[in-house]
Every structure is written in structure tokens, then in C-alpha cells.
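A.B. asks: Below, each chain spelled out in residue letters.
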Amino acid sequence: MNDTVNLSLPSKPEYVSVARLTASFVANKMGFDIEAIEDIKLAVGEACNNAVLHSGSKDTYNLEFRQNNETLSIEIKDFGNGFDFNNYHEPMLEDPQESGLGLFIIKALMDEVKIDTEEGLGTKIIMSKIVE
Amino acid sequence: MSLRLNTSFDDGNNSWEVELIGEVDINSKSMLKEELIQLNEKRQADFIFKCENLDYIDSTGLGVLISFYKNVKIGNKSVYFEKLKPSIFKIFSLTGLDKIFSIRQ
Numbered sequence: 001m002n003d004t005v006n007l008s009l010p011s012k013p014e015y016v017s018v019a020r021l022t023a024s025f026v027a028n029k030m031g032f033d034i035e036a037i038e039d040i041k042l043a044v045g046e047a048c049n050n051a052v053l054h055s056g057s058k059d060t061y062n063l064e065f066r067q068n069n070e071t072l073s074i075e076i077k078d079f080g081n082g083f084d085f086n087n088y089h090e091p092m093l094e095d096p097q098e099s100g101l102g103l104f105i106i107k108a109l110m111d112e113v114k115i116d117t118e119e120g121l122g123t124k125i126i127m128s129k130i131v132e
Numbered sequence: 001m002s003l004r005l006n007t008s009f010d011d012g013n014n015s016w017e018v019e020l021i022g023e024v025d026i027n028s029k030s031m032l033k034e035e036l037i038q039l040n041e042k043r044q045a046d047f048i049f050k051c052e053n054l055d056y057i058d059s060t061g062l063g064v065l066i067s068f069y070k071n072v073k074i075g076n077k078s079v080y081f082e083k084l085k086p087s088i089f090k091i092f093s094l095t096g097l098d099k100i101f102s103i104r105q
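Chains A and B supply the protein sequences, listed in that same order. Using UniProt numbering, the first residue of the first sequence is number 1, and each one after it goes up by one. Using UniProt numbering, the first residue of the second sequence is number 1, and each one after it goes up by one.
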């Protein structure tokens, strides 16, 4: 199975659930168990939150779900400002803050996470998980 | 699906009970935040969040709860979370919030 699903969503909070539903559907179809489906759904939700809240772009962002045998790869790309990754700090769990948990959650839940960001060109988060 | 709240004041326990039903996410967080602030202004008391029908929470929803928790703490009141689903508990524990919040089954 090598199906690919593409979505383009407005950078607005009310559409993030569309991405989450698509993530659940694709993960379920590939045979992930319920816990892994919840993980994938949350990771996708967090990446979309990031695009909507921090990209600075008011237009759209894109998602691509690629099924490659046992691996699900998901790419979330916005066309916003990008960010300076050197300024990103892992959150301190002893003293939780109101923001900064999104990327941390994505990294904890997915098998592989790659972030490409360039100031002025946008941010691309590529994450994957393998069916066990 | 979105978020619904059932709120009531429990005179016996002198606490607010807030039942979270559905999803606390980027889309519902503002509504939750406003509602909680209003309740706390109406009457400062402990807050008990009933979570058996909470299906989803993301970092923006956790952010609202963290900042509300800090507010409630200023008045020396407590915040409790009850009956978290396993998928929700996993996120609380992943982010260290199980050590900050009082969680009971």
C-alpha cells in the first residue's frame, strides 16, 4: 500500500480538527493500534497548532500523509515566517509554562521527527511512525 | 466534535465541579479559559475537573489549565482532575503535569 493523502487547510483554529480526523483515518486504515492512533492524532494536531499559531501566515498550510508499507510519514508545511531554531529550548517539566510543549509532545510520540525551518520561507515538520 | 462544559457548585465540598466533555484544543481553549475565569471570579474555591468524557487535549488546552492552576493557587485553593482516560493521562504524565496537578481516579 502506497497511498498518499494531501490536504490544504486555512490557517484557522476551527480547521485543525479536519487534520486530526484525517490522521486518525489514515492511521486506523494502516493498522495502528488505538494508543498509536491517539499518538499520531495528537502529534498532527500539535504540528497544525504550530502552523496556525506561529507561522504568521494567514493563508493556508499543507499536510501530506504518505503510507509506505509499515511506515506512516506525515509532512506539515506552512508558508509563514519560519523560526530561529537556535532559540528553541526544551520545556522544563518541573515548572510547566503555558506554551512550548507542542514540539516536545510531537518528539515524544513519534518515532522520527525532522524540522526544516528557514526564516522567511516557512516551516516543515516531517514525522513518521512504524506500525508495530 | 467540540467542547461542552457542565459546571456546578458543590456546597458540601465548597468546590466548583467542571465536567469537560469532548475536546480541549486550539479551537475551544478560549471558551474554556473565559468560563473558568468567570467561575473563579464568582466564587473562589477549589476546582474539580471531571474528565471521564474528555476525549482529547492538546498543548494549548494544557496551557489554559496550567495558567488557570497558577491563578487558583494564588488564592490558596486546589485543583483536582478526576477519572482521566488512559490516553489523556498519558499526556499529563508525558508533560510532567501529573506531578503538579492532583489527579485521582
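For the record, the hints were derived by calculation from the structure and aren't laboratory data. Hints may contain errors.
Claimed, not checked - Simulated coverage check for chain B against chain A, where a stretch passes if three residues somewhere in it have a Cβ under 8 Å from a Cβ of chain A:
no.: 1; stretch: 7 to 21
no.: 2; stretch: 51 to 65
no.: 3; stretch: 71 to 78
Unchecked claim - Straight-line distance between alpha carbons at most 27 Å, and here's what the computed DSSO-like set of lysine-lysine pairs gives:
no.: 4; chain 1: A; residue 1: K107; chain 2: B; residue 2: K99
no.: 5; chain 1: B; residue 1: K33; chain 2: B; residue 2: K99
no.: 6; chain 1: B; residue 1: K42; chain 2: A; residue 2: K107
Computed from a prediction, not measured in an experiment: that's the story for all the values here. Each residue gets a CB set at the ideal place from its N, CA and C atoms; glycine is no exception.
A.B. asks: Please list, smallest to largest, the hint numbers that this structure does not respect.
C.D. replies: 1, 3, 6
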